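Assemble the dimeric complex from its two separately framed chains, guided by the hints.
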Amino acid sequence: MQTAVMLELVTTYRTPEPAPPGIESTLEGLMEQIAHGDQEAFSELYDRTAPRVLGLVERVLVDHSQSEEVAQEVFLEIWKDAARFDTRKGKALSWMLTLAHRRAVDRVRASQSGRERDERIGKRDAETGYDNVSETVEIRIEHERVKRAMAVISELQREAISLAYYGGYSQREVAEILAVPVGTVKTRLRDGMARLRDELGVAS
Amino acid sequence: MTNDDSFDPGAQELSGAYALDAVSPQESADFEKARRASADVDREADEFAETASLLGLATTPVTPSARMKSDLMAKIAVTPQRSASPSHAADEPATAGVAADTSDAVQADAVTTTGGDVARRGLRHLPRPEDRPGAAPAASRGRLSQFPRPLRYLAAAAAAVVLFVTGGLVGTSLTGGTTANVNQAASALADIMAQDDAQKLSQPMGDGTATLVWSGSLGRSAVLVEDLPALSDDKVYEAWYIDGSGARAAGTFRPSADTATWHVLDGTMTSGSAVGVTVEPEGGSEQPTTDPVLVMKPA
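Those sequence lines, one after another, are chains U and B. Note that the working numbering has the first sequence beginning at 1, numbered continuously upward. Note that the working numbering has the second sequence beginning at 1001, numbered continuously upward.
The shape of chain B in the complex, shown without the other chains (with noise of 0.2 Å):
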C-alpha cells in the first residue's frame, strides 16, 4: 500500500463497480486513491453508495427468526464497543490485506467469519485495521478492561450461548417481557455460561423438556422449558429456590410464543439448592400455592 498521490486515471471508470461492491481488493484500493485525488470521483463515489442502498432497501424484507434475536442481545452483553475514530478517518488510507476485526476476541464466536476482502475496504464508517487490541486507543482498552476475564474467554461464553441456542434449547419469551428485561436475562445467561463450573441439567417436562442451567461460583441459574403450556391471563409461572428451610420466590414469567421459554431466576442459588416452577395468580405469590410442574434438583 502506497501513500503517494500518483494514481490510475483510468480507476475512477470504477466508481459503478464499486459501489456495487463488485470490484476485486486491487481494484477497490485504486478506486480509492483516485477518490481521494479527486473531489468529482468522491462526490460520484457517495452518490453512488447511497444509489446502491436504495437498490438494497427495494429487496423484500425477510423477518428474522425470533431465536436471531435473542443470540444477538446475549452476544452483544459480552462483545465490547470500539471507541470512536479519530477525524479526518476518511482521508487515510484504507489498508487492504489486514482484517479489521480478526484479532477481536469475538472472532472466535459461532457466527462463522469470512474473509472480509470487501467489508474491510475503505467504507468510511467502517473499522480500520489500526483498531487491532495492540494499537487500541485508551478509551477502547479501558472499555475492554471492565470485563473481568479474559475476553477471548467471554467470547468462548458467547459461543456457548449459541450453541445452546442453535442446539435449540434457547427460545426466547422476548413476547413477554419488556426489552431490558429481555436484554438483563440475555446477559445473565450468558454470565451463567461463562463461568468455569457451568453446569447443566434437562429432564423431561411434558412434551418437552426442561433444562437447568447454574454457576454454583455466580450463584444463579436458569430454566429454559421446550414447549411451555400456556396459562390463561390471570394466571403465571414462578420459579423457586427451594432448600431445608423453604422455598423461596425467584420470579414470574410467561410461556414464550416460541417453542422455547427461559427464565433466569432471581436471588442466589445456593449449594443444595433444588429449582421448582408452580402456577401462581398473576403478580406472583410469597410461598408456593400449587403443586409444582417441576422440580430440578443439581447433584
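Isolated chain U, as found in the complex (with noise of 0.2 Å):
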C-alpha cells in the first residue's frame, strides 16, 4: 500500500543528530516506550516530529509564537496518552498530526482575532518560501505525490478543501467565503476527500 511506505519513509525522517547506536526505533516503538513514561523516548519523538507538527500548527495558525504554544500542548497531550494510541488504528505520525490539526483549528476557533489571522493568510500566501527548513528527499517526495493528487481533483474541490484544511475554516465559513450554500461545500469536501484518498492509495 502506498500510503503505508509513504508514512513509513516519513517516519523515518530524523533530525540530523547522530543516531543512537542499536536499531532505531519505529515512532509506534517509540509510543509504546513513552506510554510507560519514559522520558528518553519521548524526546526522540520529539526531535524526529516536532518540525513536522509545528509546521502543520504553523500553516493554520500562521503566528508563529502561537503555533509553538499549540504545538506544546500537543505534545503534553501525546505524553499524557501516549497509553491511549492504538497502533492498530492507524501510524503514530497521524495520530499526532490529527491531533495537531485539531488543536491548531481550535485555537483558529476560540481566537477573537480572525481578521488578524485572515490578514495574515493573505500575507503569507504573497511570500514565498516563508520557512527554510532543509528537507529530506522523502518529505519532498510526498510534497510532490499530495501535491499531484491536489491537481488532479477539480479546481473547486481544491479551494474548498484548502480553506477548511489549510485555513483552518469550518464548513460554514468556507461557503461565506466562496458565496455558495453549505450544501456544496459539503459536497465538494467529500467528493475531494474520496477523489485524494483514490489518488493517493489510502484503502483501509
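Fair warning: there could be bad hints in the mix.
To be verified - Which bits of chain U does chain B cover? Going by a derived footprint, with three or more residues having C-beta under 8 Å, they are:
| id | segment |
| --- | --- |
| 1 | 74 to 83 |
| 2 | 98 to 109 |
| 3 | 158 to 170 |
| 4 | 184 to 198 |
Stated by the list, open to error - Below, simulated EDC-like cross-link-like pairs (lysine to aspartate or glutamate); rule was C-alpha separation at most 16 Å, straight line:
| id | chain 1 | residue 1 | chain 2 | residue 2 |
| --- | --- | --- | --- | --- |
| 5 | U | 89 | B | 1042 |
| 6 | B | 1069 | U | 40 |
| 7 | B | 1069 | U | 47 |
| 8 | U | 80 | U | 38 |
| 9 | U | 147 | U | 199 |
| 10 | U | 89 | U | 38 |
| 11 | U | 80 | U | 159 |
| 12 | U | 147 | U | 159 |
| 13 | B | 1235 | B | 1291 |
| 14 | B | 1235 | B | 1197 |
| 15 | U | 89 | B | 1046 |
| 16 | U | 147 | U | 63 |
No wet-lab data here; the hints were simulated from the structure. All figures in this text were calculated on a predicted structure; none of them were measured in a lab. The beta-carbon is built from N, C-alpha and C at its ideal position, and this holds for glycine as well.
And the structure:
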C-alpha cells in the first residue's frame, strides 16, 4: 500500500543528530515506551516529529509564537495520552498530525483575532518560501505526491479543501467565503476527499 | 447526548468536512452517530482521516526553538500520564461539551488552553471525558499519588519553569549532554522551582546575566548564564559549592549553542554555601585550578 510506504519513509525521517547505537525505533515503538513513562523516548519522538507538527500547526495558525504554544500543547497531550495510542488504528504520525490539526483549529475558533489571522494568511500566501527548513528527499517526494493529487481534483474541490484544512475554516465559513450554499461545500469536501484518497492510494 | 440508534442519514454526507475538522460540535456528534451505525461510513471516516493526515504531511516543516523542547521536557517531568482506555472505547459515544482535560492540574500551566471543541470530539485515540480525576481508574490514581505535592502546585511549578523560559533566562544546553542528562536536568530544575522556598539571585556576568536558583529545603541549586563564553575543546566549566571547609565539585558543563546555558549542580547545597564556576581541563578537577569566573552567594 503506497500510503503505508510513504508514512514509513516519513517515520524514519530524523533530525541530523547521530542515531543512537543499536536499532532505530519506529515512532510506534517510541509511543509504546512513552506510554510507560519513558522520557528519553519522548525526547526522541519530539526530535523526529516536532518540525512536522509545528509545520502543520503554523500553516493553520500563521503566527509563529502561538503555533509553538499549540504544538507544545499537542506534545504534552501526546505524553499524557501515549497509552491511548493504538497501532491497530493507524500510524503514530497520523495520530499526532490529526491531533495537531484539531488543536490548531481549536485555537483558530477560540481566537478573537480571526480578522488579523485572515490578513496574515493573505500576506503569507503572497510570500514565497516562508520557511527555510531543509527537507529530506522523502518529504520532498511526499510533497510532490500530495501536490500532484491536489492537482487532479477539481479546482472547486481543491479550493474548498484548502480553505478547510489549511485555512482552518469551518464548512459554514468556507460557504460564506465562496458565496455558495453550505450543502455545496459539504459535497465538494466529500467528493474531493474521496478523489484524493484514491489518488493517494489510501485504502483500509 | 443521546444514545439511541437513530441518526440523520444526511449526516454521513459530512464525512469530508469531518475529516478536515470543518464541522461544528453538533455536526460532529451527528456524524459520529452515523459512523457508529454504519460500517461503510466508519470505513470512509478512517480513510478520510488518513488522507487528511497526508495533507498535513505536505506542509513545510518548521524548526521549533530549542526553548520549546527544554520547556516541554521540564513539563513532562511533572505531568502524570493517563492510563490506557478500556477496550472498545471507540464504540462509546463521545460526549460533546465536557472538556477532556480541563480538570487536569496541568491545565493551570502557562500554555494557553483553548476551548477544545474540535479536539475533544471523538477522535478514537483521544482522551475521553470520563478521564476526569473523579473518574480516574485506579492505575491512574496510583500514578498521581507518586507526586509528593498536590498536582495543582506542581502545575504551578511547571508554569514557573515556563515563565522562566519565556522570561528569557533559560535557554538550553540540549546540544551538549545526552538526552537522559537533559531530561534529568529539566526534571531537577522543575523540582527546585516547585519548592515553597525556591529563590533566585541574579548578577551581571560578562555581557550577560548569571542567575542562581535554589531551594534550601531541597538542598539543590541550578545556575543559568546568558552568553557564556565558548571554551576550547579541552576545557569545561565546573561548578562548585564553596563554604568554610573549601570547595566541593558540583559537576561540569559546556556552554549551550543557544543564548543561555543552565546547569543543575551535583551534590547538596548546604546553608551558607556559595556557588562558584571555574574553567577546568576537560573531565573537571577535584579542586578549582583557576580563578572563578562567577561566584554567587545567597544572602
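(request) State the violated hints by number, sorted upward, taking the hints as numbered earlier in the document. (result) 10, 11, 14, 16
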